[in-house]
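> Sequence:
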Amino acid sequence: MTAVQTSPEQNGDAPDEAGQEQFPAGAQVLVRDEVWLVRNAVPTTDDGTKVEVVGVSDFVRDQEAVFFTGLDTVELIDPRDTRLIADDSPNYRRSRLFLEAVLRRTALPQSERRLALADSFLLDPLPYQRRPAELALSGANLRPRLLIADVVGLGKTLEIGLTLAELIRRGRGERILVVTPQHVLEQFQHELWTRFAIPLVRLDSVGIERIQREIPAGRNPFTFFKRVIVSIDTLKNTDQYRHHLEQIRWDAVVIDESHNLINRGSLRNQLAQTLAPRTDALILASATPHNGDAKSFAELIALLDPAAIRDPENYRAEDIEHLFIRRTKISTEVREQMKGQWADRGPSQAVHCAATPAEERIFKELATVWLPHDGSPSVSSVPLFPYTLLKSFLSSHAALKATVTARTKTLEKKDDPQGTAAELSALGRLKELTADLTEADSAKFGALVEQLKGIGVGPSSDTRVVVFSERVQTLEWLATVLPAALGFRGRTAKECLRVMHGGLSDEQQMQVVEEFGLAGAPVRVLLTGDVASEGVNLHRQCHQLVHYDVPWSLIRIEQRNGRIDRYGQAHPPQFRALILTSETEGAKDDTLVSERLLEREDQAHRSLGTAEAVTGLYRAETEEKSLIQDLLRGRTVDESLDGHRSGEDVGTAAMDDFLADFFGSVGEEPKAEADDDVEESVGGDAGTGTSTASVLPRLFDSTAHFLDEALREVYPDARDRLDFDRDEQSGLLSFRPPADLLHRLKALPVDYLREQRLRERLLVTFNRRLAQHSLQRAREAGSTSSWPEISLLTDLHPVVEWLTDKVLVRLGRQEAPMITAEVAEPTYLVQGVYSNALGRPTVVKWMGVTRSGAVDDDMVSLLRRSGVGPTMANKLRYRDPAPLVDAIPAVLEAAEAFMEQHRDAWDRPLRESIECHKLRLGDWEQPTLEGERTKRRLTDLADDLLTTGQRPMLRVLAVLLPDPDAPPAASASSSATPAAL
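In this note's numbering, the protein residues as written are 36 to 1016.
Among the hints, erroneous ones may be present.
As the list claims (entries may be wrong) - In the DSSO-like style, the derived pairs of lysine-lysine whose C-alpha atoms are separated by at most 30 Å in a straight line are:
(1) Lys466 with Lys436
(2) Lys466 with Lys399
(3) Lys436 with Lys660
(4) Lys466 with Lys444
Calculated from the structure, these hints are not laboratory results. Note that the structure is predicted; figures quoted are calculated from it, not measured.
Using the sequences and the hints, build the whole thing.
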């Protein structure tokens, strides 16, 4: 009996299992007497299956819609009612395009673990960047969930993009939410579009205002757009957004800089707790994911897999190896693959600046009153405050003034004149000492100007530099005096410098980062606080960095350096730090702490690949606080740094043992199984990455060939209708987008649409070199936008998806073409799909079935053997379809029998993987009601991922017919034979 799929309302049955309603992508359904093309289908709790479609029939053509089977009758076309039609197109072009479009629109099955698209993007072929995607798809976890913990600069954004692309190809990436710090919103959005053609709608503060004007009042903004990127600072406003987020499910959620989620009870943590259970895939990214506390890290891992860790205070690396990946620049796989693509950094150069007389007077005051070197008590009643004063002074006199003023106001508010008199008097003396200081009294400022001129920063040079300072007052003071000191005058004095700190809006921060990355922008100096030390790419036009003051944290130093020392840096990064020195007895100048920290960070980078694990504290703020407390106890910097790893207390030693598992694997090669998988799938030139040939069934030899043929079929007059133009030499395609394509382009970044005038004309190409050149040119001199003029056409590009859908609707409802080919007998091309309870395909088979019941389960090979291709002839002979139609029910029964016969073998790898998860869940015990609920929920999820007990969805795609003019021997060799499995 043939499997016929309709909605439950049609046959009178209740939907006893959500997965029984199968609507595979690419299939046609009948709803409200109109024909629609299925893009995606997801079961819901209350309204049956949610079916996302695009219109096919004339009245609704190209209209997007969403239907629920609980509210509408959604009929999946009965394959027994298939009508066979003649194809009058040259070389059977229409039929070949239709078959290719169905192949492209069908999601890869859950059992397909190999990467399908990795070699089709604007990326260097680096296998280490593919490993996170391979881990996500490996089946090691119930869902695609992982923490990417590669150190600064290895390309975590690219690794995320690859993972999302693979999820999209599997029908698991329709709805994507990316959450990042506000200053990297545009950078992340830019990378995902220019590298992968994944468009994200940006919902920053300005974007939300715009969207609220466009969408109906009261509408959930997160249902209006399928793929969005939002600032975590915007989204953490739980009062405003939580009710929206609780009403929506995502296919994939990405949270960048996820170490900020750890603090339980914080707004960021609450946001993560809201999102994690409402998404299938969850990707967390952080170069510093651990804060040194095993329990806090376990909470972060629990977002990915609540059952991964039994005891949050006692677990090992192997407990989470299916969720966690971490490499450094010196890891073997990274080092070998990055040769010549990432310049080695130079040493951190300490630039000694002898204090001026005015500064020596302040050193003397600090050494005498606030941090006495003779052991006498400090004038301050707060032990840590004198070091706050010292660090302010080591930054600049402007920062010291601000600290003195703030502390004075705090003390004056206290109702304790006697207790605060001495400290207020000392503060008054510091205020007098700093009152009249100028840049002439600053040894660091003079050294900064000398260093910047020495590396070529000036009015007649393109050299750029990043200058870091912890203090906003220092940044603002430098902004007023530095341009003139470097020789900039008039308008150039304003244009040559930009300031960035946490007080700027997200839009202002993104604008600063974009300007600094454009070669044509006049900015030469970026003064920035540590807001730019996480996630921001500053290496495009810059390889010089100066620490105007040095943070008292190895992690923070490493994060700062990582802004220019990262993948894609063409020049050796150069680091300088201004070290203020003093001749005053007992003065705690920069040689005491800052210079030694620079040396230790450089040593750790070269020997370990990261400074994160040196102290074992794993947080910049914790490192600094611990260091100051140790200085108060009389310890040196080295004693403080090494003390946490010397086993001075049991808790610290135990934590070291625990974390040794995580950092001990740094530099090791991937597991042998992973190597085997990569080796199996490598094709073409060595080192070019994973071949998609064995993963994606394709009739056309390339996407470019498919697009060319599709354009000829859909727009034979493209030159007139679309003003289409092709540069044969470069491969540039240029055309005016029609209305239905413009509708799809709404998902592209607004700035990109406007700046490149994409609504008027699209420039696209399959030529990677041309696309890369366009991307590079967007950052070079003369460019006013970082968005490239030309975009690379990938399988995910809206233009390719648009043409794929246009091809699919060239055939009418229930129609399958008849194709004369080199076969001995009529051979029906049949698609067979098994799904799980979540509506996702677990098995997809492309079969050739004869009327005698012989089945070939490699349709693509069958088509090639049968001569179906661009050179085949279409003789336009009439063939009576009646006897062929009569045989369809028997053909479908043979296909179903074949699938049932081999179903167990196809299902076994998936079933075994899920059974392992269920066994692990059985051992996981949590003595709380919430723990039991989690266990039941995960067990139910495991069951839902298995293939359902129902019969396969079958679809007749085409019929291959023997050529009556061909000699019998010529076609006999191509007949379908039972597949050997």
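> Enumerate the violated hints, using their earlier numbering and listing them in ascending order.
Checked against the structure, no hint fails, so every one of them is satisfied.
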